[in-house]
Amino acid sequence: MMLLLVLLAAMVIVSLMLGAGEVTPGRALAVLAGHGDDEATFVVGSLRAPRTLIGIFVGISLGLAGALLQAVSRNPLAEPGLLGVSAGAAFAVGVALWLGASAATLRIAVGQVGALLGCLAVLSVVRLRGMGGDPVRLVLAGAAFSALLASLTSLLLLFDQRTADEIRFWVVGSLAGRRLEDLLAILPSLGLALGIIVVIARPLAALALGERVASGLGHHPGRVRLLVVLAVALMVGAATAVAGPIAFVGLVVPFAARALVGPDIRRALWICLLLGPLMVLAADIISRLVVAPSELPIGVLTALIGAPVLVAVVRARRLPTL
Amino acid sequence: MLHVTRHAAAMAGLTTLLTFSTAQAASVATAHGEVEVPDAPERVVTLHEGALDAALAVEVTPVGAVTTRGGDGVARYIEAYLEEETRPAIVGVVREVNLEAVLAERPDLILASPQLSDEQYRLLSKIAPTVVPEARKLAPDNWLHEARLFGEALGREEALEKAITRVEERAAAVAEAVEEAGVGGSANLVRWMPQGPLVMSDALFSSAMLAAAGLEVTDAGLVNQGGVHSDPLSLENLSRLEGDWLFLATLNEEGDQALKAARKSPAFARLPVVKSDRVVPVDGQLWTSASGPLAAQAILDDIEAALLP
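Heads up: the sequence lines are chains R and C, in that order.
For the first sequence, position 190 matches number 189 in numbering that gives the first Met the number 0, and the numbering has no gaps at all.
For the second sequence, position 213 matches number 212 in numbering that gives the first Met the number 0, and the numbering has no gaps at all.
Calculated directly from the structure, the hints in this document are not laboratory data.
All C-beta atoms in this analysis are idealised placements derived from N, C-alpha and C, irrespective of residue type, glycine included.
Hints should not be assumed to be uniformly reliable.
[As the list claims (entries may be wrong)] Quick list of simulated restraints, FRET-style, between CB atoms:
no., chain 1, residue 1, chain 2, residue 2, range
1, R, THR23, C, PRO308, 35 to 43 Å
2, R, ASP36, C, GLU303, 38 to 46 Å
3, R, LEU288, C, ARG121, 53 to 61 Å
4, C, GLY220, R, ALA48, 23 to 31 Å
Chain C extracted, bound-state conformation (with noise of 0.2 Å):
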């Protein structure tokens, strides 16, 4: 630790000596206040995966990355964005970072998550400016106020509002289709365990990605108001999930592979929503893990692929 410390000193007076020898350090509102940043980064290490969304959206590719929630590298939709040679470094997973790690990147930004401790932010600004969201409570736009803050830290917040544009416009067009399809209707997104499912909030990114695309989502009044998701749902209340669309969550490589695993269970292959093949097996560390501009993209592909075929 001591050593970790000695290091960090010595990258904070070099980062202090960048900062000065920067003509025009912009300054960006964060949770932990104004925080200099430099002009135009070039070394940017992201702590959270929806940070890795908005960099690459606007053609940064950090030099260093958290693996996605539960996996061993970027969640899978990132890769099409990753060229092998300017791969990200893995620094550490979402709920611990390596220290050491991200110091041996030598960043010149650091994008965290809302839920950074504040522990962790004390050691990290020593290593370079570190941009951390507002926590705020669950809401279908949070991820717009995260993106556009990384956006402005990274100096491209133009790019980062056409991407949200393309975001919108590409909505908009599937919310069309749609319509047009006469496919629309309600969704749950659910989040299949083997013993049960996790009915997922309305207010997650997913959700109102699904809302966007002109879907009605509910949680069928079973998530808490405040949570992110319920606790296991009692097998006795599936019967409460009554949209015309079920999105099924798994953070099992094989979608198809759960979804069997959950016909097998009587309460989930009665429901007229299974009978009448309306189940879409989706993938969790797209569906329930990641946000930003590029997994907006994604999970419209995902619900474009599922409702037009």
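Just chain R, same shape as in the assembly (with noise of 0.2 Å):
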């Protein structure tokens, strides 16, 4: 816990030293010291700084869901770019920008929408009941979703030029541009998200003893499940709203998270809350840095790191179940 702090720290200060400009990280600490000059001052606390907080908070949220996600489905492999949420948020903030919307916090709102939206409606497909016993089922559910979901979103795009001006960059997660008032815009949901949090955490514990246990122990499982897609949809829509879909993280992370400290979702949410955020800035930094001065989208990188990672959870002999 300790260790995974202190890299997170050191992971937010190279993010503030390292870019796809002439800043060097010399001239960016001068900057962290107190003394830099002016153009760098403005890289560091202008550009830098905001994509780095921004990708904090991404990760949490994706981090958290994708555990969130897995402890409720018992299912290793559900995860938020998989399960169609962040589809269904990136098709609900399709919708919006191309009805003509460009405010931040209506942009969150429609994610977070969607993102329930899509989250319920891959769930209710395989049923809430039950679907522990197939875990492909769920993901080929959730892919198909996902799929049809992005092939409406670039219907749209070709419906509508500003849309796919606006579109083009977002539909694969980037963190470059983004600015502060739009991390403000998606903290009152991080907030309540991590209140529901707090609540179910032990219930959802309970519950992976079993829905009798949980029950015996007073706790009601349906109520607990319908808290987590809240929860879920609330978290990734927002960050889905900021960065794009970032497909990966909530898969990567859980899956990291139990390899350290065991199945006890208690314990893996404390992780994920540090090793989301350090997922994402390391993804976002090799971003900014591989094909400078241009910049490649996060999302391609936590793909190329997230892919591998499915593969052998897949091909792992005995698949866990939760």
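Once you've looked at the hints, go ahead and assemble the two chains, each given alone in its own frame, into the complex.
As structure tokens, this is what we get:
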């Protein structure tokens, strides 16, 4: 835990130090020490700091959402990107842009509604109850639904060039050019989601022992699941509205967390809180460096990191059941 | 599909007949070898914005054309050259031609883009002689080669040469006026995206027009050689745009609105060229998609209006 915290702090500093531009790590450090030149102060303060902060919150959201989805579906492959949650949010935001919306707060509300509907749609296809028995079915349903929504989103792009301009990079996910106002707009819903998580962490852990045990302990499994879906939609909708859909973070982070502290969701959630930002920041830093002076969307990199992990999980001889 | 093929075969037969019946068919050198074209084509379909431009420049109004990139119809600057009753039918978008719509226009000549796929060419050339310019590496004078080929195919070489001469004369006049007014210097051409800028290559058609008007166009070394434009530039590198003028192309209809959006980006607002108010919002349909003698005139109009108030 302490080690992760130190790593995250180091990653934040690296994120402020490195970029696609001409401001070198040395000049950036001078800014942090309080005596940087104008250009460096601007780049570090107005460009790198906001994306670093947003990266942290996006990482927290996706990491926690992944862990919650995996726990509630008892499926190690559940992930916002695979379950139609991100695709639902992305499609909803695309429709909003198409209709002319540009206010950050509106986008976030729309994204959250889209995420909620996407999540509910996929979960209802495979039915909330008893899908732990067949992890692949859930992922297939999610993949099919995501593909459907993605093609609808591209249909929108064909119709309207303005939307295409706005969405072109957003559909792969990126932290470049995001402003602090965007972050302020998502903070309330993240706070709400964290509140929900605090309340449901214990019942969710009990649910892992089985429905009967959980009911016996006085919890209401149905209510818990509903709250989980709500928290996931709040977080993924907000993260997607700000940064676009970023795949695989929600898969890899809980996976790594379980490898570190075992299957108890309460301990895993703490680890995800730190691992999520760590992974998003690392991917974002690489995305700035590999094709400078241009930028690669971060979604491309998380997919590069995440896809092999997904393959590894699926190929593992015994798929762990949660 | 079968339906189309049958029609195409029938049309091919018909065109062969037509070709033989025309007394002297000329032949032009295209990317797919020598192509026989009718002497005085009457029903021309253009599948390329540059071809539509060249045809209108020599006063041939096509019966069919494709939409401008990202739009629902022909580019806005083209509208001035169209009349309501002879307006070309839309037969597809640049990347996706509707073969049945082309067939329905019963063309006797098709002018296409250098990017036309071989498969599309095979189908189209069954409908009518199809003229495809050689695909070249991006260069400022590509449009001249294309326009000349289209002029030749239309049997109007002379009219096209005149149109080119008019462009050259106009550019020289603008360049002279710019020099006299002392407002010349360097210029960057950028397409603004909400997440940041795309720097356009200095080998683009509109860059060539800027250069002809006496501005020194640079891409600040940000565009890969041979590519059309760079990937979205990192905002951290925006300060490398050090030109005296910044031409800001957007595909949005209202350039002012795009400029407003750009100004909200702190990295953009602090550019010297923005502070000195030398940003010129321009129509991306014209500046980053079109080519041809008419587009050249329209771009020179824009340059004149921006630099010589």
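A quick look at each hint next to the structure:
At about 42 Å, the beta-carbon gap between R/THR23 and C/PRO308 stays in the expected band of 35 to 43 Å. At roughly 40 Å, the beta-carbon separation of R/ASP36 and C/GLU303 lies within the given 38 to 46 Å, and the hint holds. For R/LEU288 and C/ARG121, the Cβ-Cβ distance of about 45 Å falls outside the hinted range of 53 to 61 Å, so the restraint is violated. Judged by the Cβ atoms, the range 23 to 31 Å given for C/GLY220 and R/ALA48 holds: they are separated by roughly 27 Å.
In terms of the numbered hints stated before, the structure departs from hint 3 and from no other.
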